[in-house]
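J.: The chain contents come next:
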Amino acid sequence: MHEKMKRLKQRLGLRKPFSKSNTYDEGLSRYAIPENGPAQNMLHAGFSDYTLNTSSQYEKGVLHEYPHVLDTTDTSKQSSHPLNGRPRERLQSAPDPNSHSPLTDEDTNGTEAEFVSPSHITFRQRRNLSEHDLSKRLSLPADLRLPQTFIAKHAPKMNEPLSIRQRRASLSEIGFGKVESYTKLDKLGEGTYATVYKGKSRLTDDLVALKEIRLEHEEGAPCTAIREVSLLRDLKHNNIVTLHDIIHTDKSLTLVFEYLEKDLKQYMDDCGNIMSMGNVKLFLFQLLRGLARAKSIPTKTYSNEVVTLWYRPPEVLLGLTNYSSQIDMWGVGCIFFEMASGSPLFPGSTIEDELHLIFKTLGTPTDETMPGVTSNPEFAPYRSPVYMPEPVVAIAPRFDLDAADLFSKLLNYDKEKRMVAQPAMSHPYFKCFGSKAAHLPPEDSIFSLPGVRLEKDPGLRSSGITHGGKRRQSMLF
Amino acid sequence: MELLCSETNRIQRAYKDPVFLQDSVLQQHLKLEKFCQIPANHLDQQEDIKPFMRRVVAQWMSEVCEEQQCEEEVFTLSMNFLDRVLVVTKSIARTNLQLLATACMFSASKLKETLPLTAEKLVLYTDNSITRQQLLDWEMLVLSKLKFDLSPVLAFDFLDILLDRLRLPKETQVYLRGLAVSYINILPLDEKCVVYSPSVIASACLCASIEKITNSWRAALYSRILKDLIGADMEQLVECTQRVKQQVGDKDSKYSKESSKDPPKPLHPGTPTDVLDISVN
Numbered sequence: 001m002h003e004k005m006k007r008l009k010q011r012l013g014l015r016k017p018f019s020k021s022n023t024y025d026e027g028l029s030r031y032a033i034p035e036n037g038p039a040q041n042m043l044h045a046g047f048s049d050y051t052l053n054t055s056s057q058y059e060k061g062v063l064h065e066y067p068h069v070l071d072t073t074d075t076s077k078q079s080s081h082p083l084n085g086r087p088r089e090r091l092q093s094a095p096d097p098n099s100h101s102p103l104t105d106e107d108t109n110g111t112e113a114e115f116v117s118p119s120h121i122t123f124r125q126r127r128n129l130s131e132h133d134l135s136k137r138l139s140l141p142a143d144l145r146l147p148q149t150f151i152a153k154h155a156p157k158m159n160e161p162l163s164i165r166q167r168r169a170s171l172s173e174i175g176f177g178k179v180e181s182y183t184k185l186d187k188l189g190e191g192t193y194a195t196v197y198k199g200k201s202r203l204t205d206d207l208v209a210l211k212e213i214r215l216e217h218e219e220g221a222p223c224t225a226i227r228e229v230s231l232l233r234d235l236k237h238n239n240i241v242t243l244h245d246i247i248h249t250d251k252s253l254t255l256v257f258e259y260l261e262k263d264l265k266q267y268m269d270d271c272g273n274i275m276s277m278g279n280v281k282l283f284l285f286q287l288l289r290g291l292a293r294a295k296s297i298p299t300k301t302y303s304n305e306v307v308t309l310w311y312r313p314p315e316v317l318l319g320l321t322n323y324s325s326q327i328d329m330w331g332v333g334c335i336f337f338e339m340a341s342g343s344p345l346f347p348g349s350t351i352e353d354e355l356h357l358i359f360k361t362l363g364t365p366t367d368e369t370m371p372g373v374t375s376n377p378e379f380a381p382y383r384s385p386v387y388m389p390e391p392v393v394a395i396a397p398r399f400d401l402d403a404a405d406l407f408s409k410l411l412n413y414d415k416e417k418r419m420v421a422q423p424a425m426s427h428p429y430f431k432c433f434g435s436k437a438a439h440l441p442p443e444d445s446i447f448s449l450p451g452v453r454l455e456k457d458p459g460l461r462s463s464g465i466t467h468g469g470k471r472r473q474s475m476l477f
Numbered sequence: 001m002e003l004l005c006s007e008t009n010r011i012q013r014a015y016k017d018p019v020f021l022q023d024s025v026l027q028q029h030l031k032l033e034k035f036c037q038i039p040a041n042h043l044d045q046q047e048d049i050k051p052f053m054r055r056v057v058a059q060w061m062s063e064v065c066e067e068q069q070c071e072e073e074v075f076t077l078s079m080n081f082l083d084r085v086l087v088v089t090k091s092i093a094r095t096n097l098q099l100l101a102t103a104c105m106f107s108a109s110k111l112k113e114t115l116p117l118t119a120e121k122l123v124l125y126t127d128n129s130i131t132r133q134q135l136l137d138w139e140m141l142v143l144s145k146l147k148f149d150l151s152p153v154l155a156f157d158f159l160d161i162l163l164d165r166l167r168l169p170k171e172t173q174v175y176l177r178g179l180a181v182s183y184i185n186i187l188p189l190d191e192k193c194v195v196y197s198p199s200v201i202a203s204a205c206l207c208a209s210i211e212k213i214t215n216s217w218r219a220a221l222y223s224r225i226l227k228d229l230i231g232a233d234m235e236q237l238v239e240c241t242q243r244v245k246q247q248v249g250d251k252d253s254k255y256s257k258e259s260s261k262d263p264p265k266p267l268h269p270g271t272p273t274d275v276l277d278i279s280v281n
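Chains as they are written, first to last, in our numbering: chain A, 1 to 477; chain B, 1 to 281.
Watch out, some of these pointers could steer you wrong.
[What the hints assert, rightly or not] Calculated cross-link-like contacts (lysine to any residue; reagent style SDA-like; alpha-carbon spacing at most 20 angstroms):
(1) B:K147 x A:E212
(2) B:K34 x B:V195
(3) B:K145 x A:L215
(4) A:K236 x B:Q27
(5) A:K187 x A:I246
(6) B:K147 x B:C36
Source of the hints: derived by calculation from the structure; they are not laboratory data.
With the rest of the complex left out, here is chain A:
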């Protein structure tokens, strides 16, 4: 069983950035998918660069950021969560009477005291205001805990202009870029050039993933690391994993990433591969958002090794050497199916097998459906038998009409006509999210939209009931 799971994870490439069984770096070296470009964005580490808001995040992050979501959910979750000790809403002027979060030391003069003594409010507000302003002045994340000594030193200088040099000095004073600011917890995995640890930031108390890259190589800093940093440092998006900090020492370079509880594969494992269709829609949308954002940062660095076999589009399987952003969308279609049905769409073991599976399901391509295919010598062995396409409803019975339409547009043989991320987000399938969803500001979560929330997955293992395997799966329509 364990072995099977491991294999599943390998082929899916859907792992959290630094899961034990298969680290990011192993992924890189084993499959040699090291470069940037569209393929890298999605698949050089599976989807690990894309963050989906899964239930755990929903509990800890989204609730804080969007208090109105709170109204519709179980508030007990919030107060029971250990990270709620320092809720983000504490910067708001109006205290929330419902919040009974367990208070940490620094909050002893917090919420409860505010009702008792007005003087406390003014004191607290003043303190927070200067801390808040200082954070703003230095463009720091709002949840960063600034040392009191730092505030005392810098608050009086608030009105003086700030030079880049001063800002940098201030950042280093707070603790950015310093090894001491992070505590290493468990080792999550080791790859050819990096070791990944779970860690904790002493600045924010948040969990982080520490990727320690060794520099003692013939060729110095690995080019994958250089590219990774230079791409991610500019990408601030709710659905792309965040690079928080870079620490450079003599022997190593440590990248501090946002810590993610689990990846899509683990999520699917945890719910017995039976997701609610509402959640499938939510996850697909977030995947598209992440891809659309990555695509708007153009870089022309492409690699020569692309995409895990099961998610590789037919034109690449047929030896096409030119590729572009559409290459990712085929994989999105495959994952869409996989989330809905719980099993992979084209689990081929070789290139031939993979092509055979694709043609059998979607029909043998013609020059009309895939321009130029018949003149491609690589296609010759697949000319016969000629398969007819299966109807989408037979492939994926859980898809409604809109889902089926989007699915077939993502799995278009003609890469020129294959739907790309941005228009896909405006597809009727997502109309329930409202018109604003496709144009949310990059930092905002999809859960900031009214009424958008995760559903309970039907396959989620509740205590006492073991998951029922095939029989239960066949009940889903």
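Guided by the hints, dock chain B onto chain A, whose structure is given.
T.: Then chain B, alone, in the frame of chain A:
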């Protein structure tokens, strides 16, 4: 189950992706380039390094990149790295300038190429005047001085978008692009050209290439279109175009001078190459 990756020896290349030709990409680049402007006279604050030294080292870098057939952006990107390091680090000794330049090429090549320049090769190109360890140390120095901001907006980022907007026939586009690429790669040799923004450089190089194949009246028309596209000042665009033409002229005359000095080849400088090729046999 094993994942089979069919590795080939061919270097796979991206085809022209319409996504990168969208207006939003142009606007985003125009917005971003304002943040990566290198100040004029950035060498003034250097205590030891003089402008002519930058010219010498730039020439060497350009030749290494050309000989190694690096990707087209590598030279320009390494010059961007070099200039930016010189802006933030005041006291670089002249003896370290080539080392710095090598480290910049090393990083730029890692970023842009499928098969990057190796440390060994680069050390050889310096005639072993630097060691591998020095190169690796300085690579980290460069990366941290640049704060890992390694994808600045370059003139190349504008080239294809602007060319696309001119709506020229396909063959003309290909020809113009080739010319413009070579011009863009000549410009960083002159330290005074750092003041022009990448969008102006791309437009100016396109203008200069257009002037080469058409009359000045039509060239002026195109330069106006380009000016509107990037929202630049006409005067600056014209000035930059003049500088491009001057630089290209300098380089051409230098090469023809060199070849005319060469005794076994009694070539006439003005003769087109293809005609020469025929007359050899």
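J.: Of the numbered hints stated previously, which ones are contradicted by the structure, given in increasing order?
T.: none
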